[in-house]
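J.: One line per chain: the protein sequences are A and B, in this order.
Under the numbering used here, the first residue of the first sequence carries the number 1, and numbering increases by one thereafter.
Under the numbering used here, the first residue of the second sequence carries the number 1001, and numbering increases by one thereafter.
These aren't lab readings, by the way, just hints derived from the structure by calculation.
Hints are supplied without guarantee of correctness; some may be wrong.
Stated by the list, open to error - Now the stretches of chain A that chain B is said to cover, found in silico as 3 or more residues with beta-carbon under 8 angstroms: (1) 197-209; (2) 237-250.
What the hints assert, rightly or not - Examples of chain A residues toward chain B, derived with CB under 8 angstroms: (3) Lys116; (4) Ile125; (5) Tyr271; (6) Lys284; (7) Val338; (8) Asn341.
All C-beta atoms in this analysis are idealised placements derived from N, C-alpha and C, irrespective of residue type, glycine included.
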Amino acid sequence: MTAEQDVITAPKPASAARHHDGLTHEQLLSAYRQMKTIREFEERVHVENASGAIPGFTHLYCGQEAVAVGACEHLTDADYIISTHRGHGHCIAKGCDVVGMMKEIHGRRDGLNGGKGGSMHIADIGKGMLGANGVVGAGQPIAVGAAIACKLRGEGRIAASFTGDGASNQGTVFEAMNMAVVLQLPKVFVFENNGYSEHTGASYGIGCEDIVKRIEGFGIPVWQADGFDFFSVYEAMGKALEVSRNGGGPTAIYCETIRYFGHFEGDPQNYRAKDEVQRYRAEKDCLLKFRARMEANGGLSTDELDAVDREVGALIERAVQEARNAPRPRAEDLLTNVYDNY
Amino acid sequence: MPKKSMREAINEALHLEMARDPSVIVLGEDVSGGAGGTSGQRDAAGGVFGLTKGLLPKFGEHRVIDTPISESAIIGAANGAALAGLRPVAEIMFSDFIGVCFDQILNQAAKFRYMFNGAKAPLVVRMTVGAGRSAAAQHSQSMHALLSAIPGIKVVMPSNAYDAKGLLLQAIRDDDPVIFLEHKMLYNDTCEVPDGDYTIPFGEGVLVREGEHVTVVATGQLVKLATGVVDRLAAEGVRCDLIDPRTTSPLDEELILESVRETGRLVVVDEAPPRCGFAADVAALVAREAFASLRAPVATVTPPHTPVPFAPELEREYLPDAARVERAIRSVLAH
Ligand SMILES: Cc1ncc(C[n+]2csc(CCOP(=O)(O)OP(=O)(O)O)c2C)c(N)n1
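Bound-form chain A, shown alone:
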């Protein structure tokens, strides 16, 4: 939980013991809040980007929320994750400060990375978030190293890495999978297939029948999940973690999902059929799905869900206002943090 999220006053559960889908009322609220926060954050960044307020390259995660939140809901600050170039969702799910992130994306001095990193490089080591990464595939071996640290400390910690369908073709990812098996590391590979790598469809880029077979080829057990469904991802991640936290070596989960926006902000998306996104938005959206399930089984009430929507809306509005008014970096900041000392 971030400081920002702590101040949100969630409606009190009717009964603290109420459980649905194996999650407590608090966990359900938290899961919904996290997914909603990512959605609002991304949709707002989309708007702010179009207005010219956000410099550089921005890759939005919108549509994939169930994966980041379903996976990270199991993790604490003591566990590590490493992200991709499409990192906002993973960062929020791992508990990075949302206001600090918004400031960073705006290139401000008090942004999470001091304005030096921007959208592609958001990190918060204290939260176990080892960075969004601009180099496709680079995160997986880094997470192997974090898993070595987890194993050495022997406190049941794990490291998880997020990998796109496109990234799964990268040699570094193959090497990381093999090394994780050889070293029997507490590492979960989260594969997130949103159908595209930039302008190329996954069906073209992946030579074998599917990514699952490829992962299994390395000797890594894989649990498949519906990437549009928080509960499906949560359950798969739970099973993977049970193995990896208890000395069973690396595991993987595989989720199919979709990104709602282009590869990067400004992408004309000529490679995509016009109705593709609308269809998924209407039929499979993870937030709509979550709400429908809650309303059907009584896990959370409509009032509770609406209250979260309002709180998240206010948080994102505050984040944008603070980001706009935050100080810009100064010339002397250019030379800080190159080295610890030199």
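Given chain A, work out where chain B with the ligand should sit, using these hints.
T.: Relative to the frame of chain A, chain B with the ligand by itself:
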């Protein structure tokens, strides 16, 4: 003569050479784009920056190859195809990603000819370089100094559309591995570019402006910046030789030395990091070969020894600007 952007000039060179020589192939991530997409539109991207647009419909999938995200395999495949008699033009979207495939450049491509008794490896690797778009530390670096330090590969760095076309045609016809560095900030810059075929030899710099007081050497996008400064100073009677080396390996040492022997003063303007960089290399060349002509210490204008920052204010601070170039010229004149 028609005016064309550097993007159009490079695209045109690829079209011309693929039509002329059936052994030329193009490969890289999204070089056409749209493979496996739901719109069914192939050539949806034509490269992330649109440089390879239109090649697929004209030359087909056997010669215009969309690859998975696999830089080691892309450059390795270009190496192998070149040894096997093709002329591959590989694209690495951002030069920063050579981190992923550096072995194929450093230990493979660069060494074939030397190790294998003169074997030809006629490949070109096109990649974007440079800062200016707030693309942060992993998408903005300038790699020419690092790459020029490797014997066995040639490094090309066009500063305008005309040179880009002629140098790319030369690069594809060249029998050595060539790294062709395209600055992102130059793609939309236009100048007169002939429609037909012409090449520009490697290792021949160009004298962009002539003057007897100071020698200014500038590379890539900074040639434009330096031209502006040199022209302004000319109005007040300070006249500079402005040299664009066009290729950093081979380097037109003679052009630089001849100029410094006349002016006695040298300013090098470059976007590579300063330590062991291109500017330091040129300064050392002049100190070594033309020390007696120097009337002032050599001045260099480069970014500081830091990664490239994200925030636009910091990136502006990072990059050489006109004020710094002018100050450097005035400082060598003050001696
Ligand atoms: C080593 C490297 N190669 C290429 C790129 C350019 N690039 C950025 S994202 C991307 C596609 C990644 O696809 P995928 O892993 O499926 O993730 P998605 O974008 O779909 O989330 C590419 C090719 C890069 N950043 N790093």
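J.: Now look at each hint and say whether the structure bears it out.
T.: Structure-based check of all given hints:
For the stretch 197-209 of chain A, the stated coverage by chain B holds: 11 residues have a C-beta nearer than 8 angstroms to a C-beta of that chain, and at least 3 were required. Counting residues of the stretch 237-250 of chain A whose CB falls under 8 angstroms from any CB of chain B gives 0; the rule of at least 3 is not met. About 5 angstroms separates the beta-carbon of A/Lys116 from the nearest beta-carbon of chain B, less than 8 angstroms, and the hint is met. Interface hint at A/Ile125: violated, since its Cβ lies 17 angstroms from the closest Cβ of chain B, which is beyond the 8 angstroms cut-off.
Here the hint on A/Tyr271 is kept, as its CB sits about 3 angstroms from the closest CB of chain B, short of 8 angstroms. At about 15 angstroms, the closest approach between the beta carbon of A/Lys284 and any beta carbon in chain B exceeds 8 angstroms, and the interface hint on this residue is violated. Interface restraint check for A/Val338: the shortest CB-CB distance to chain B comes to about 5 angstroms, inside 8 angstroms, so the restraint holds. The closest approach between the C-beta of A/Asn341 and any C-beta of chain B is roughly 14 angstroms, which is over the 8 angstroms cut-off, so the hint fails.
Hint compliance for this structure: hints 2, 4, 6 and 8 are broken, all remaining hints hold.
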